[in-house]
Structures are given as C-alpha cells and as structure tokens.
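Engineer: If you read the sequences in order, they're chains A and B. Residues 77 to 379 (the working numbering) are what the first sequence spells out, left to right. Residues 158 to 418 (the working numbering) are what the second sequence spells out, left to right.
To be clear, the hints were calculated from the coordinates, so they are not data collected in a lab. All C-beta atoms in this analysis are idealised placements derived from N, C-alpha and C, irrespective of residue type, glycine included. Accuracy of the hints is not assured; some may be wrong.
Unchecked claim - What follows is a list of derived Cβ distance ranges for each label pair:
id : chain 1 : residue 1 : chain 2 : residue 2 : range
1  : B       : L292      : A       : S166      : 20 to 28 Å
2  : B       : R174      : A       : P163      : 32 to 40 Å
3  : A       : K210      : B       : L292      : 49 to 57 Å
4  : B       : I396      : A       : C376      : 52 to 60 Å
5  : A       : K167      : B       : D294      : 39 to 47 Å
6  : B       : I418      : A       : N276      : 24 to 32 Å
7  : A       : T288      : B       : D311      : 47 to 55 Å
8  : A       : D108      : B       : V304      : 41 to 49 Å
Unchecked claim - Stretches of chain A that chain B covers, calculated by requiring three or more beta carbons in the stretch to come under 8 Å of a beta carbon on chain B:
id : region
9  : 144-158
10 : 334-348
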Amino acid sequence: MADLTTTIHNIKLKNPVLTASGTFGYGIEFDDFFDVNLLGGFIVKGTTIHPRQGNPYPRMAETSSGMLNAVGLQNGGAQYFASDIYPKLSKYKTNIFVNVSGSTIEEYVACAEIINELEHIAGIELNISCPNVKEGGMAFGTSCPSATAVVSAVRKIYKKTMIVKLSPNVTDITEIARAVEGAGADSLSLINTLLGMAINAEARKPVLSTITGGLSGPAVKPIALRMVWQVSNAVKIPVIGLGGIMNATDAIEFLLAGASAVQVGTANFIDPLAAVKIIEGIDLYLNRHKFNSLSDIIGCLQM
Amino acid sequence: MQMRKSVQNLKVIANFRLNDDHHLLQLKVQDQLEKVCPGQFANILVDHSQSIFLRRPFSIHSIDYKENTISILIKEIGEGTRSLSQTPVNDYLSVIFPLGNGFTIPSSKEKVLLVGGGCGVAPLLHLAQVLSSDLNDVSILLGARSVVDLVELDQYALFGKLYTTTENGSHGQKGFVTDHTLFLDELDQFNRIYCCGPEPMMKAVAARAKAKTVDCEVSLENTMACGFGVCLCCVTETIQGHKCVCTDGPVFNTKQLKWQI
Chain A
77 MADLTTTIHN IKLKNPVLTA SGTFGYGIEF DDFFDVNLLG GFIVKGTTIH
127 PRQGNPYPRM AETSSGMLNA VGLQNGGAQY FASDIYPKLS KYKTNIFVNV
177 SGSTIEEYVA CAEIINELEH IAGIELNISC PNVKEGGMAF GTSCPSATAV
227 VSAVRKIYKK TMIVKLSPNV TDITEIARAV EGAGADSLSL INTLLGMAIN
277 AEARKPVLST ITGGLSGPAV KPIALRMVWQ VSNAVKIPVI GLGGIMNATD
327 AIEFLLAGAS AVQVGTANFI DPLAAVKIIE GIDLYLNRHK FNSLSDIIGC
377 LQM
Chain B
158 MQMRKSVQNL KVIANFRLND DHHLLQLKVQ DQLEKVCPGQ FANILVDHSQ
208 SIFLRRPFSI HSIDYKENTI SILIKEIGEG TRSLSQTPVN DYLSVIFPLG
258 NGFTIPSSKE KVLLVGGGCG VAPLLHLAQV LSSDLNDVSI LLGARSVVDL
308 VELDQYALFG KLYTTTENGS HGQKGFVTDH TLFLDELDQF NRIYCCGPEP
358 MMKAVAARAK AKTVDCEVSL ENTMACGFGV CLCCVTETIQ GHKCVCTDGP
408 VFNTKQLKWQ I
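Go ahead and model the full structure; you've got the sequences and the hints to work with.
Structural biologist: Next up, the structure:
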C-alpha cells in the first residue's frame, strides 16, 4: 500500500479523501454503511449561530449529470451542535471539521467561537460561498474586501485550522483566493456550488422554491478542476479540491491539478460508499503507476 | 431484528407487466432478510442512462422472508421509471434499503382501514400482509381512474376485505375513495386509517378522518437526492418545523403535518 498521507496546515490526514459539507450530515448517518474512520476526515454540515429552518420545498432539481439544491443552510444552530451532536462525534477517530456560515461577520465570529471550544473538532471550514441564503453566504465570497473582512474577523478568535470554502461564482477566483490567504486562512477548499436554475416548461414555473440554486455533480467538474489548478498556482496554502468527484479517477485529476486533498460531495447521495471506494482507487492508481506516496502526484501535472 | 440500511446489488428474478404502465419487479436478496417495516422504501439506481443522475425511491410493495425477496411496484412516469421497469430478468439493480420509518403497527387487535390511490397502493400490500398476520380486522379501499388502473387486486384480497372505487365506475363504486360508502357511514368504526396516494387524495382522506377523530397515517413522497437524511431536500412542513420525508417519514401521522384540512 502506498503512503496516502497528506497535510492540511498542521493536520496530517491518513488519506486525502474528505466528505463535503451538506452531503454527509453529521457522519452518524453513514454508520450503517461503512466505518467513517476510514476517511481522511469529514466536514459537518453548514452550521450557523442561530437555528435555521432553511428554504421551502421544493429544494432540489435533478439536472443533466448533476443536481441543483436550495436547502438554505437548514441546521439546529451552533449551541444545538455543541450540546446535542458533538458528544456523539467523540467516538470518531478521524478528523472532523465544522462548516461555519452566517449572515453577518458577527454571526460568523459568534459561531466560530462556539466551535473553538470543542476539543475534538480539528478545524472549521468557513463557508463564504453558499448561494442559497438571502444574506451573507456567497455575498462574502464574491468580493475581495468582504472576503478579507470576514476571514480576518474569524481568524482573530479561531485558533485551530481554518479552511475557507470559495465560491466559483466570481470573475477571477485567484483574486479572492489571494485575499483570503492574506487574511489568515490556513487552507482553501473549492469549489462550492455554481449558481444555476431549472425550469418546468409544462408548468411554466421555476422548479425550485427559491428560483435559483446551487449546481453540483459531474456537470461542474471541469470548472472545478480549472479553478483548483488556477488557485493552486496562485497561493502557498494547501488547496482542497471538490466539485463533481464521483470516482478515484476524478479525485486523482484534482490532486494532479494541485489539490492536497479532495472532498467527495454529491456522490455520497448516489453511492454512500463512494468515498471509501475512492480511497481504495487512489491506492490502486499509485501502485499501478509505481508511486510510493501521494505527494508524488500532487500538483504533478505534466505539461 | 430490525434490518439496517445498506447498499446491495439485487438480482431481478421476475419482471411482470401488470398493465400499460405498471410493472412488478421481484428482487432476490443475497443475505438473509431481517425485519422490514411496512411503509419503508428502497432507493434504486437507474443505470444505462445519461440524463438520470439520482436514484429513484420506491415503496417496498411486498416481502417474502422465506424466498428472501422483496417486490417493487413501478408506475412509468418518466425516463427513470421507464428504464427501471424494463430491467431484464437476471440483471442486477443497486438498491439502498430499507429506508425511512414505516406505518405504526397496533399493539393489540384493531379494526383498520387502508386507503390507496394510483401508485400509492404500493406500500399497502406489505402493510396489509403484516396487519392481517397480527389478526387485525383489515379493510382495504383502493381507488383508481378506471378498472385498467387497478392492479394486483387478488393479492390485496388475500389480506383483508377489499373495496374499490373508480372515477368512471368501471369497477367497484363510482367516484373517489372518499365517495365510498365506507366514508359516508362507517368511518368512525375504524380505530385507524392508513393512506397512501396522490396528495389531494390523502388530504381528503385525512380531513374525513379528522372529522371523525380517527387516527390517520399517510405516506408522503417528495423529491429527494439521498434517501437517508443528509441532503435535506425532501422536507415537509410539520408542527416541529421542516422534517425530512426520507428519515422522519415517509409515514407521518396527519396530526404532525401542517395540512390545511
């Protein structure tokens, strides 16, 4: 077996496969399917300081090679997470990150402060890229000054690893990436969903209650790969690649493009075992190409 | 023991065409089946298709613990259901099951009414099977547009007193299920009503049940991406806020729902 370890800031992951926020619940939901400890880590669903009911139904539209969602950060709030969910996560020995979101900088900070107290949480993923909330979310991640402001504010109070999740809904993602790196991010994850829309022609109505939603799945992979490649070349901090990864080959493409780790997202809905199969597939690839370690392929795109 | 959910490749051992648009798939389970509750569902991968990305959820229609098979009733609605209904015998389907919470099974003998409409009849066969084996007094009322849309009547008749309505009067009483004499005269004799079908039908049934203060459970169907509570797409409004149809349901007591009935 090849050495699959990789490093994000000061966290050593036993393999580069994480699962993406909003596609893996609190991990517990997958206990029936596989041993979650096999993962390099997982990212808990989007958490906000106050409980959120999320958007009205319908929240999902199937599209060609993908899906749109408009969940709108439904969650029980940071206190609920800390008191009701966190104790159940202590059984896991893998790295757990909490995706943190908010409508204002103060909300991001307040939420991160609560997560900061939770010893067993390895880090946060600051979500400045959710397209499905009216205030905050993506609005922070689409301009350099606002991205800088929210990342700097959370950096002041959050001591452990801070990953910042970037939005693809921008003209030049490298500008935002550099701004966020400058504001103190330890790592970047990209891409969040692309803003999209579905229409029911028969009914002459939008499919989603919110009209627009976030596109994920294999449909977005070429865009995600391009952005991961651009950002990896633009910053020094490690990049975590995601967007339409369905199998080990997809994951390897992201690693070659420069990602130090990957996140499996939408694939979890279709095959709950996708992430473990991807870990096995990466190992097979390294062996087949006679690489001893994962680091032999990260960013090693042959031009 | 209650069966834990898993992803399994199940062999199609029979595929019966019941009428123009209904198929019955019988699937062989490799490992010994454990207890599946009536009302639980299976999420099935549609293969060989470019445009179908997500699994399709189906109620478990019936279960045979001796033969170790489950059956799925499929009505062709779109490309996904059409593709699945044409699965050849001996092919394998990737199935995640059993998912969700089933109907409440009474702890002592009760007089119960099962009301199904359209493809919503699917989970009621398994339910009738279990209720009748517990010696409950089971009545089953199935509604359809016309006689050609009523499937598997002989099967339902094995597990209770069977009544039907059709909109054109070609079988049973003419009209909707709520026009049936059971609803007009006898509803308050039942301890419990179970219902699955199109939402307007379920609301009409729930309203009648409420008026007679009879407990009513319905099985909901919302579009979902995962089927096991992580995508949070299939929510319905309940008195406790948004709940996932896949994991908090698909069966809900109508008292929990915010239906205007």
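Engineer: Next, verify each hint and record whether it holds.
Structural biologist: Here is what the structure says about each hint:
1. B:L292 with A:S166: 20 to 28 Å: violated (46 Å)
2. B:R174 with A:P163: 32 to 40 Å: Given about 52 Å between the Cβ atoms, the range is violated.
3. A:K210 with B:L292: 49 to 57 Å: holds (55 Å)
4. B:I396 with A:C376: 52 to 60 Å: holds (56 Å)
5. A:K167 with B:D294: 39 to 47 Å: About 46 Å separates the Cβ atoms of K167 of chain A and D294 of chain B, which means 39 to 47 Å holds.
6. B:I418 with A:N276: 24 to 32 Å: Cβ of I418 of chain B to Cβ of N276 of chain A: about 26 Å, so the range 24 to 32 Å holds.
7. A:T288 with B:D311: 47 to 55 Å: Given about 49 Å between the Cβ atoms, the range holds.
8. A:D108 with B:V304: 41 to 49 Å: holds (42 Å)
9. 144-158: holds (count 3)
10. 334-348: Result for this restraint: holds, n = 6.
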